[in-house]
Every structure is written in C-alpha cells, then in structure tokens.
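Fit chain to chain and form the complex, with the hints in mind.
Residues per chain are reported as follows:
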Amino acid sequence: MIKEASQKRAKLEKNLKLRGLSTKESEGSGDENDFYSVDLTPELFTSAIETAFKAIHNFSKPLINMMKAAGWDLDAAANSIESNVVYAKRAHQ
Amino acid sequence: MFSGFHHENFSIKADSGAVSKESFFHQFLASREMDPLDMLCQNPNSVFGKFCTSKYLVVVHPKLEASFFGNLDQRNYIKWGGHPRTPFYQAFLKLAKSIWLSHRLAYSFDSNVKVFQVTRGSEFSLVYMEIKCCKKSDIG
Numbered sequence: 001m002i003k004e005a006s007q008k009r010a011k012l013e014k015n016l017k018l019r020g021l022s023t024k025e026s027e028g029s030g031d032e033n034d035f036y037s038v039d040l041t042p043e044l045f046t047s048a049i050e051t052a053f054k055a056i057h058n059f060s061k062p063l064i065n066m067m068k069a070a071g072w073d074l075d076a077a078a079n080s081i082e083s084n085v086v087y088a089k090r091a092h093q
Numbered sequence: 001m002f003s004g005f006h007h008e009n010f011s012i013k014a015d016s017g018a019v020s021k022e023s024f025f026h027q028f029l030a031s032r033e034m035d036p037l038d039m040l041c042q043n044p045n046s047v048f049g050k051f052c053t054s055k056y057l058v059v060v061h062p063k064l065e066a067s068f069f070g071n072l073d074q075r076n077y078i079k080w081g082g083h084p085r086t087p088f089y090q091a092f093l094k095l096a097k098s099i100w101l102s103h104r105l106a107y108s109f110d111s112n113v114k115v116f117q118v119t120r121g122s123e124f125s126l127v128y129m130e131i132k133c134c135k136k137s138d139i140g
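Residue numbers (the numbering used here), protein chains in the order written: chain A, 1 to 93; chain B, 1 to 140.
If we strip away everything but chain B, and leave its shape as in the complex, we get (with noise of 0.2 Å):
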C-alpha cells in the first residue's frame, strides 16, 4: 500500500506536472474530511480515483477476490475505471484515502520526507521504540 510513497506522484502516471507543496496541502485540506466514495463520483479519473485503481488491484488478489465472491466482476468493473459502490470496495477506499492523506501531507512540508526501512536482524535500543501495534493491555 505504501509503495511509490518515496516519489511525489505516489507512482501513479498522471498528465499534470509538478504539484507545488501549499497544493499538497491544499489537497490535504479539501479532501480529509470527503467521504472517499464522493471525491471519487465528482472525478472519477482523478489522480485519486487512478491511485484506489492501481493499489486496489495490487493489494487484493485476484484469488483472494475469487475466493471471497466467486467471481472476478468487482476486479474488472474496477480494472476499467470504475469505483463500485460494494462494502468491500467502499472499506479499501477509506484505507487508500488514509494513506493518499498521509502522503499529501508528506510532501506539503519544505523538505521531503524519507521513508526509511530497517532490515531484518538489525539491533535497535528500547529507549527509541514505542509500541504502535496494541494496547498497553495487551502486552506481556
């Protein structure tokens, strides 16, 4: 879901040019609090709606699909542009816009952001890690 985030246009091909960064958060601004199904059925060929295509076809798999519906419909309804109005689809969509959110803002500050990975086996000291998976509840 996050790749393509290091590069401003997210890795989707779109006609415009370079998007300034008070438009970045200009877009961040508009769009937070839209229903991402809206923003979708206003402009359905948005940078947006091109972004829910390609990651939705990415993240769920066509065996997933399959096995979920008995069919591929959904996937090719959305493979030709389409945003169907499914309860499925509509949960993918409130995951994308979070992430379309985050990335806006990511490239609304002055300097970029990086996105930075540790790879496995690496050492890390407690005092700079903070739980982000559970409640405190839950560990132990």
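For reference, chain A alone in the conformation it holds in the complex (with noise of 0.2 Å):
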C-alpha cells in the first residue's frame, strides 16, 4: 500500500513539474507520453484553478491599464460593478 502511494506521489510530483515548464517548454515535446501519465486529481484542478487566476489577473493588467490611458474613472468604474467595498490596498480594485 505504503509502495503505491509513494510511487502514485513520485508520479504527481512529475506532472506538477511538467506543468510547471509547461505552455512555453514542452510545446511538442514528449506531449503523447505526457498525455497517458496524468492522473485526474484534486490537486490538478487545483493548479487549473490557479492558473486561471492568474490568467485573470494577467488580463487584467493591461486592461486597466489601457482604461486609465482611455481616461476611464476606474474607481467611478469599480464601484459600478460592486459599491462600498473597502480594499486593503487601491492596487486590489
């Protein structure tokens, strides 16, 4: 049991790694093993939801940046969305 956990975890570690380099490194590299050694688990759709995160954020960026060159209000603009929130930090709107 102890064995095939550990092998099991030795695995996963491999494809955390993997999707670490991922998106620029492996484009077309060993994709097919990669394919068959990728095990469904919760701690894969963690890392997506991670990513999408981050994603969001790199979306965001620019976004707000082209907005404040378009000389948009953003703060008129993000109580528009959601009023009376209290940010920690202004860079948080």
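Calculated directly from the structure, the hints in this document are not laboratory data.
Hints are not guaranteed to be accurate.
[Unchecked claim] Using C-beta positions, here's what the derived DEER-type ranges look like: (1) A:68 / B:131: 22 to 32 Å; (2) B:6 / A:43: 19 to 29 Å; (3) A:39 / B:76: 13 to 23 Å; (4) A:10 / B:120: 41 to 51 Å; (5) A:76 / B:38: 34 to 44 Å; (6) B:19 / A:62: 15 to 25 Å; (7) A:43 / B:112: 14 to 24 Å; (8) A:12 / B:71: 31 to 41 Å; (9) A:10 / B:5: 28 to 38 Å; (10) A:54 / B:13: 46 to 56 Å.
[Claimed, not checked] Here's a subset of chain A near chain B, in silico, CB distances under 10 Å, partners left out: (11) 49; (12) 51; (13) 62.
[As the list claims (entries may be wrong)] Residues from chain B shown here face chain A by an in silico Cβ test under 7 Å; the list is partial: (14) 68; (15) 91; (16) 94; (17) 105.
Just so you know, these numbers come straight off a predicted model, no measurement behind them.
By construction, the Cβ of each residue, glycine as well, lies at the ideal position given by its N, Cα and C atoms.
Shown next, in the form of structure tokens:
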C-alpha cells in the first residue's frame, strides 16, 4: 500500500513539474507520453484554478492600463460593479 | 467570466448532447498545451470558439472597446464568429482558455463540482482562509 502510494506521489510530482514548465517549453516535446501519465487528482484541479486566477490577473493588468490611457475613472468603474467595498490596498481594486 | 460554470455546457448552446466525464478529461488533456488561437484556427466553430465569442461580448463592454480603439470593428468581427489576431483578443483568449480548462477539468470528476459564493457580511474564520490576492510581501 505504502509503496503504491509513494509511487503515485512521485508520478504526481513529476506531473506538477511538467506543468510548471509547460505552456512554453514542452510544446511538441513528449506530449504523448505526458498525455497518459496525467492523473485526475484534486491537486490537478487546484493547479488549473490557480492558473486561471493568474490568467484573470494577467488580463486585468493591460485592461486597467488601457482604461487609464483612455481616460476612464477607475474608481467610478469599480464602484459601478460592486459598491461600498473597502480595499485593503488601492491596487486590489 | 465564470457565469454558467455550474452548467455542464457552460451555458453555451451546442448541438452535441451529453459529454462523458472521460471526454471532458480528454478535452482537458488535449488542449492544455495548445495555443488558444491555434485551437480556434483548427476549429473556429467549436464549442470553445463559441465560448470565447460569447464571453468576450459579455466581458468587454462596447463602450470600453470604443474608447480603446475608436470603433467597434473588432467586436463586430467577433460577433460574426471571427477570431481576430489582435493582441487584445489574444490576451483575452489566454484568459478564456484557462477558465475553459478549469471547467473541462471540473466536469472530469465523478462528483459534480459545486460553485459556492459568499454573500456580503458573512462571518468567516481566519483558520479556513488563505490569502489569494497577493504575495506575502504585499500584506500589511
């Protein structure tokens, strides 16, 4: 049992590593191997959500800059979506 | 961007019927390494393509777009099912793909995911909270 579990763990760690490198470096290299070695685990989901979270952030940044450049009132815009929010830091808006 | 996440079809109207958990996972594996624009070039009318179109039109307000570009050309192009190679749309596609992948994966599990939201004024215990918004150095 323990041996099996540790094997699974090693496999998972390998997968996580591959994912960390993924998007840019692993394009076209060993994809097929990769394909079958990925296990469906809650950790995989957590990492997908974290990637999504970063992607939201990465899209918001240029969007906010473009809004600033186009002369938008960011405070008013944020308040129109959700009013009366207290932000710990201005940047969180 | 997440609206409709709790529906198996992500509220995208598609002809295809029910999709099995295996094929959700298969779609996840097949597309996670792909460039979203390549995915759309290969199959512009795919469910993913429809997802990108509908989300773009909701997330990017026409007034916003008009103020950025001085016109609504890009929007109209997208409205008619196009996927322009503009930097702005490509930036959006990266976001769209990451949400799409999360959704594919969410429906790969045996028990369906549930989305829960916290209403304003709810109490919470610090013990169960994890800071998601910033680096540790930003706090305080």
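Structure-based check of each hint:
1. A:68 / B:131: 22 to 32 Å: holds (26 Å)
2. B:6 / A:43: 19 to 29 Å: holds (22 Å)
3. A:39 / B:76: 13 to 23 Å: violated (44 Å)
4. A:10 / B:120: 41 to 51 Å: With Cβ atoms ~45 Å apart, the hint holds.
5. A:76 / B:38: 34 to 44 Å: holds (39 Å)
6. B:19 / A:62: 15 to 25 Å: violated (33 Å)
7. A:43 / B:112: 14 to 24 Å: Roughly 19 Å apart at Cβ, these two residues keep to the hinted range, so it holds.
8. A:12 / B:71: 31 to 41 Å: violated (49 Å)
9. A:10 / B:5: 28 to 38 Å: holds (32 Å)
10. A:54 / B:13: 46 to 56 Å: 29 Å Cβ-Cβ, so the 46 to 56 Å window is violated.
11. 49: It holds, given that the least Cβ distance between residue 49 of chain A and chain B is near 6 Å, below 10 Å.
12. 51: holds (5 Å)
13. 62: At about 6 Å, which falls below the 10 Å cut-off, the nearest Cβ of chain B leaves the hint on residue 62 of chain A intact, so it holds.
14. 68: Given a least distance of 5 Å, the restraint on residue 68 of chain B holds.
15. 91: Given a least distance of 6 Å, the restraint on residue 91 of chain B holds.
16. 94: This interface hint holds because 6 Å falls under the 7 Å limit.
17. 105: Status holds, d = 5 Å.
Figure legend: structure checked against the earlier numbered hints; hints not met, in rising order: 3, 6, 8 and 10.
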